[in-house]
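There are 2 protein chains.
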Amino acid sequence: MEFFDVVRTRRSVRSFKAEPVPDEVLGKVLEAVRIAPSGSNRQPWRFIVVKNEAVKQKLIPACGDQKWLAEAPVIVVACGQIFDWNRGSYMGEHSVLVDVSIGMTHLILGARNEGLGTCWIGFFDNAEVKKVLGVPEGWNVVGVTPLGYPKAGEKAFTEPGPRKQLSEIVSADKF
Amino acid sequence: MEFFDVVRTRRSVRSFKAEPVPDEVLGKVLEAVRIAPSGSNRQPWRFIVVKNEAVKQKLIPACGDQKWLAEAPVIVVACGQIFDWNRGSYMGEHSVLVDVSIGMTHLILGARNEGLGTCWIGFFDNAEVKKVLGVPEGWNVVGVTPLGYPKAGEKAFTEPGPRKQLSEIVSADKF
Numbered sequence: 001m002e003f004f005d006v007v008r009t010r011r012s013v014r015s016f017k018a019e020p021v022p023d024e025v026l027g028k029v030l031e032a033v034r035i036a037p038s039g040s041n042r043q044p045w046r047f048i049v050v051k052n053e054a055v056k057q058k059l060i061p062a063c064g065d066q067k068w069l070a071e072a073p074v075i076v077v078a079c080g081q082i083f084d085w086n087r088g089s090y091m092g093e094h095s096v097l098v099d100v101s102i103g104m105t106h107l108i109l110g111a112r113n114e115g116l117g118t119c120w121i122g123f124f125d126n127a128e129v130k131k132v133l134g135v136p137e138g139w140n141v142v143g144v145t146p147l148g149y150p151k152a153g154e155k156a157f158t159e160p161g162p163r164k165q166l167s168e169i170v171s172a173d174k175f
Numbered sequence: 001m002e003f004f005d006v007v008r009t010r011r012s013v014r015s016f017k018a019e020p021v022p023d024e025v026l027g028k029v030l031e032a033v034r035i036a037p038s039g040s041n042r043q044p045w046r047f048i049v050v051k052n053e054a055v056k057q058k059l060i061p062a063c064g065d066q067k068w069l070a071e072a073p074v075i076v077v078a079c080g081q082i083f084d085w086n087r088g089s090y091m092g093e094h095s096v097l098v099d100v101s102i103g104m105t106h107l108i109l110g111a112r113n114e115g116l117g118t119c120w121i122g123f124f125d126n127a128e129v130k131k132v133l134g135v136p137e138g139w140n141v142v143g144v145t146p147l148g149y150p151k152a153g154e155k156a157f158t159e160p161g162p163r164k165q166l167s168e169i170v171s172a173d174k175f
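Chains as they are written, first to last, in our numbering: chain A, 1 to 175; chain B, 1 to 175.
Just so you know, the hints here were simulated from the structure itself, not pulled from any lab data.
Treat each hint with caution, since some may be false.
In silico lysine to any residue, SDA-like type, Cα no more than 25 Å apart, as pairs [said to hold, decoys possible]: (1) B:LYS28 - B:PHE4; (2) B:LYS174 - A:PHE123; (3) B:LYS28 - A:GLU93; (4) B:LYS17 - B:PHE123; (5) A:LYS28 - B:ARG11; (6) B:LYS56 - B:LYS67; (7) B:LYS130 - A:GLU93; (8) A:LYS51 - B:LYS28.
With the sequences and hints as input, model every part of the structure.
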């Protein structure tokens, strides 16, 4: 798809078909993540691809009990490795949030390009998700998303919801 | 451009032509930012578009003295507004880093789509940049990027540098 069509028609999807995601399609989406940029090319990320039903069910209570998540054939959990750099002179160990968010955005957009729906979940308990997936010390969970074909098909991908005007989010030469 | 071509040929660009960025082109790139997703659709961001030479020069010392930044006709400074939500039950006031990084990734990819080079800068002093641009309390600077046509033209956009293998960044059902 054309880049701007991907951006314009990416929507949060919360209802999925049971249809599995073919490995080849998943591979394309993950390739978009793999080549994503990161500070000093550190690539401080790990994307855990959860397809196992029992593991998916264990993730639900760790994600604010959002049961609809398990409807998707895949749940992706994006993790970041804490590194010793104080981005912007204030982010400290949260510096990695920036890198993993770049990779996750590539995943979300790449998925849309393949007709797959996602929904970036920020409502989760880091410690609980880490326990379920065996994420080691020095790593944190940055985001979670279901991944699958929307129940509504291509109709799921429509114009984005309401947004601020450009004049509210852009300014010239000063805040 | 095709989505995957945009992703595959996005490179960090550090040398720019003096040629200004037409307003129409800049508008397209900012539109890709405007419609980007954010947690609960908060859109907690402000993108400051700096073209004024004197302001650009003041930004240099606040960005680790990276003088090459001023070669670009535009410098974009992405700011985030702190909100009361503890994403992942641990991010606290850094929760906004995730949202602004999504918007910034849309900007970086949208710029590539228009033949514009960018380079995400994390080496800056938040307090200093805020002072130069009058960013109020409750807001932080998340990222800075030059924006302009690469001196090397389209040749600047080649395959990405070395990356980890998929097997190093992806795992199944557990970390």
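Hint-by-hint comparison with the structure:
1. Our distance criterion of 25 Å between C-alpha atoms is met by LYS28 (chain B) and PHE4 (chain B), whose separation comes to about 19 Å.
2. A C-alpha spacing of about 20 Å is found between LYS174 (chain B) and PHE123 (chain A), which places the hinted pair at or below 25 Å, so the restraint holds.
3. The suggested pairing of LYS28 (chain B) with GLU93 (chain A) is violated, with an alpha-carbon distance near 34 Å, which exceeds 25 Å.
4. A C-alpha spacing of about 23 Å is found between LYS17 (chain B) and PHE123 (chain B), which places the hinted pair at or below 25 Å, so the restraint holds.
5. Distance restraint check for LYS28 (chain A) and ARG11 (chain B): the Cα-Cα separation of roughly 19 Å lies within the 25 Å cut-off, and the hinted pair is therefore satisfied.
6. For the given pair, LYS56 (chain B) sits about 10 Å from LYS67 (chain B) by alpha-carbon distance, which is consistent with the 25 Å threshold.
7. Restraint check: the Cα-Cα separation between LYS130 (chain B) and GLU93 (chain A) comes to about 21 Å, which is no more than 25 Å; the hinted pair holds.
8. Restraint check for LYS51 (chain A) and LYS28 (chain B): not satisfied, since their Cα atoms lie roughly 38 Å apart, outside the 25 Å limit.
Taken one by one, the earlier hints fail for this structure at numbers 3, 8, listed in ascending order.
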